[in-house]
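Here is how the chains run, residue by residue.
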Amino acid sequence: MSNRIDVRKTYKLFINGAFPRTESGRTYEVKNAKGVFIANPCLASRKDLKDAVVAARAAQHGWNKATAYNKGQILYRLAEMLEGRRAQFVDEIVTITGVSKAKAEKEVTDSVDRLVWYAGWTDKISSLSGALNPVAGPYYNFTIPESMGVIAAIAPEAPSLLGLIDSIAPIIVGGNTVVVLASTKAPLSAMSFAEVIATSDVPAGVINILTGKKDEITPWMASHMDIDGLDVSGLSAKKHADVKTAGTENLKRIYSFKSADPGRILAFMENKTVWHPIGL
Amino acid sequence: MEEKLSFEYAPAPESRALVSIKAKYGHFIGGKFVAGSKHFPTINPATEEVLSHISLAGKADVDAAVKAARKAYTTTWSKMSGKERGKYLFRIARIMQERSREFAVLETLDNGKPIRESRDVDVPLAAAHFFYHAGWADKLEYAGLGTTPKAHGVAGQIIPWNFPLLMLAWKVAPALAAGNTVVLKPAETTSLTALLFAEVCQQAELPAGVVNIVTGDGSTGALIVNHPGIDKIAFTGSTEVGKIIARAVAPTNKSVTLELGGKAANILFEDAAIDESVEGIVNGIFFNQGHVCCAGSRLILQESIADEVIEKLKNRMAKIRVGDPMDKNTDLGAINSKEQLLKIRELSAAGDSEGAQRWSAPCELPGKGFWFAPTIFTGVTQAHRIAREEIFGPVLSILTFRTPQEAIDKANNTPFGLSAGIWSEKGSKVLWASQQLRAGVIWANTFNKFDPTSPFGGYKESGWGREGGRHGLSAYLKGVSHE
Chain A
34 MSNRIDVRKT
44 YKLFINGAFP
54 RTESGRTYEV
64 KNAKGVFIAN
74 PCLASRKDLK
84 DAVVAARAAQ
94 HGWNKATAYN
104 KGQILYRLAE
114 MLEGRRAQFV
124 DEIVTITGVS
134 KAKAEKEVTD
144 SVDRLVWYAG
154 WTDKISSLSG
164 ALNPVAGPYY
174 NFTIPESMGV
184 IAAIAPEAPS
194 LLGLIDSIAP
204 IIVGGNTVVV
214 LASTKAPLSA
224 MSFAEVIATS
234 DVPAGVINIL
244 TGKKDEITPW
254 MASHMDIDGL
264 DVSGLSAKKH
274 ADVKTAGTEN
284 LKRIYSFKSA
294 DPGRILAFME
304 NKTVWHPIGL
Chain B
450 MEEKLSFEYA
460 PAPESRALVS
470 IKAKYGHFIG
480 GKFVAGSKHF
490 PTINPATEEV
500 LSHISLAGKA
510 DVDAAVKAAR
520 KAYTTTWSKM
530 SGKERGKYLF
540 RIARIMQERS
550 REFAVLETLD
560 NGKPIRESRD
570 VDVPLAAAHF
580 FYHAGWADKL
590 EYAGLGTTPK
600 AHGVAGQIIP
610 WNFPLLMLAW
620 KVAPALAAGN
630 TVVLKPAETT
640 SLTALLFAEV
650 CQQAELPAGV
660 VNIVTGDGST
670 GALIVNHPGI
680 DKIAFTGSTE
690 VGKIIARAVA
700 PTNKSVTLEL
710 GGKAANILFE
720 DAAIDESVEG
730 IVNGIFFNQG
740 HVCCAGSRLI
750 LQESIADEVI
760 EKLKNRMAKI
770 RVGDPMDKNT
780 DLGAINSKEQ
790 LLKIRELSAA
800 GDSEGAQRWS
810 APCELPGKGF
820 WFAPTIFTGV
830 TQAHRIAREE
840 IFGPVLSILT
850 FRTPQEAIDK
860 ANNTPFGLSA
870 GIWSEKGSKV
880 LWASQQLRAG
890 VIWANTFNKF
900 DPTSPFGGYK
910 ESGWGREGGR
920 HGLSAYLKGV
930 SHE
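Those protein sequence lines, which keep their order, are chains A and B. Residue 34 is where the first sequence starts when you use this note's numbering, and the numbers rise one by one after that. Residue 450 is where the second sequence starts when you use this note's numbering, and the numbers rise one by one after that.
Take the hints with a grain of salt, since some may be wrong.
No farther apart than 30 Å at their CA atoms in a straight line, the calculated lysine-lysine pairs in the DSBU-like style are these [as the list claims (entries may be wrong)]:
| hint | chain 1 | residue 1 | chain 2 | residue 2 |
| --- | --- | --- | --- | --- |
| 1 | B | Lys692 | A | Lys271 |
| 2 | B | Lys878 | A | Lys157 |
| 3 | A | Lys246 | A | Lys291 |
| 4 | A | Lys83 | B | Lys692 |
| 5 | A | Lys247 | B | Lys703 |
| 6 | A | Lys80 | B | Lys453 |
| 7 | B | Lys487 | B | Lys692 |
| 8 | A | Lys272 | B | Lys481 |
| 9 | B | Lys878 | A | Lys291 |
| 10 | A | Lys98 | B | Lys532 |
In short, the hints are calculated from the structure, not lab data. Computed from a predicted model, the values in this text were never measured in an experiment.
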């Protein structure tokens, strides 16, 4: 054993492609399963959420405009970067949750594979859900899924990495940008995943990650008038009613999910129908 | 002297002998007409003549309807094969076609819309919706929701007064095809065609309780929305009421679809075919007296052609025939109710006071009934109430733009997102604009077209979900992964 003192990492937020501290100056203490101090991540505030939404809104048009091929390659790049840093993620998961190394390795493997799976959906989802509608008249009429806009997500407490991937990837596959609140108890994976994002050609603002308390941030997400949809998979079912009620102010689309499937991508896409006459 | 030719139209009134209207109606529950307790009058908005008296359903009536729908769902409808369910829907479609003139006349009398529209649009489309969805009933496993999609159970459906029978068809046909039973409430001012539809269900020998119709006002609607025996709510109406419903349903497990308001932009580029576009603008805002959630109520007009288009539009508007809805030549009928007329007047007055310039087509309005002349406002800015709020009447707000991006920005500058129109002869520009517009239905070089195969519904505060096509059907099925 060396006597070298570790260089620890300061865990910050990830907003608009940068790593700011919370504007509130607040942190909270994260301990491992044995009660040993691990880190002081940011306790994000309403203002941090607002900043993240501004960044997400600004990035949405450009991200949506990127070709499906391009979006797929960027998602695949996330998988590549995560694969290259497996050891770090395994260590962090073991440190904070106390699970076996084998179990942590499986979560990281599943996370990489899940990203690869989502990467392949970008250029297939519209052929799965789109339609050419045979209307009774001389019109060309088609329906295609389109991005919904800015979507907020509450990631599940566990698994902290795989849950985060499922909270981010299906939303951005559809051309949306996302503001995600990471696992409160195990935020290290999320903040390290921000470093993966920062090195994967994901345009600034497309993915924004906050750490903090669900009870504090969720109501602000639900009532924010510039958030179009909300994934509440990380929230206990008994809290859904309040969130859904607050979300009616701008008729937010609010869903929770049990699995990764194309429906999870389509939930945060709008269907657009276009008519054009046919004739000489 | 040269002889002057006259192109005046002679009156061509449709006969109302085809319909028999009872003095008083009850509700349609469990396959039978049952007497109601309280009644309110329903009038012809073109003449203010009292047509009949409609029952106001209270708690006991709604309870009975939900109970009948539940019983029909558990004992009959959910056990029947899709093939057999579909055959009932085909029967309904055919009977509606057979009795189409009767439906059209009744709709026009009760709603005030021109007979030409009820006859050529509302009723044929309603029948087409049943015919289309009938074919889905035995093909649900191919609807893209997994191999065993399930109905929700009992659907509560609340529809508006602008397309009474057509909105009934949009709601009832997919619900039944997917295997749900329904409790439907027509709008307070337009119940008659729904009650005639109940007779169609009887003629089709639809099992008792599969379709239940209760009449009443918003209080009846609230009883349906809040009823614990209902699994699915479908509503078409204002965004204001839609939000109230969304809040009421938020703490429950009820599934919801909402088809709400709009403030559609109709963008006219300088490279459009001008005469066709003028027809499209007129159709966009004056179809059905502008009582259309997807009406093209904001004309976003390129500055370079603004004077020419406005002049042509005024000329065309002067030729709109306003008056007796039962006359087959009438283009613009009566405003549906006094309440709606007052709302149109109030918003138009706000247009004047906020500095826009009003011009109304010179036309003689009948002395009785509720009428509003086709009207445009020029010099409208984005801050004006008439550019932001849904007027739901024959009033067009005209804004101008210089660059295509400015047109898109103005079009999207609204919390609504139901529909939009694009007029240009340049294909790439049409497709670009249709991509940029944040709305669920885009009409390019056409407007106000509807079809049962074509999904319809809004982005943002214009609602949740789609109606029509495979996408609309899925709103009546469980099987999606999210809740």
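Hint check results:
1. B:Lys692 <-> A:Lys271: Within the cut-off at roughly 21 Å; holds.
2. B:Lys878 <-> A:Lys157: Given that 30 Å is the threshold and the Cα spacing comes to 25 Å, the pair holds.
3. A:Lys246 <-> A:Lys291: Answer holds: lysine 246 of chain A to lysine 291 of chain A is near 22 Å, not above 30 Å.
4. A:Lys83 <-> B:Lys692: Satisfied, since the Cα-Cα distance of roughly 24 Å is no more than 30 Å.
5. A:Lys247 <-> B:Lys703: holds, 25 Å
6. A:Lys80 <-> B:Lys453: violated, 74 Å
7. B:Lys487 <-> B:Lys692: holds, 28 Å
8. A:Lys272 <-> B:Lys481: Status violated; Cα separation ~43 Å.
9. B:Lys878 <-> A:Lys291: violated, 41 Å
10. A:Lys98 <-> B:Lys532: Given pair lysine 98 of chain A, lysine 532 of chain B is violated - Cα atoms ~44 Å apart, limit 30 Å.
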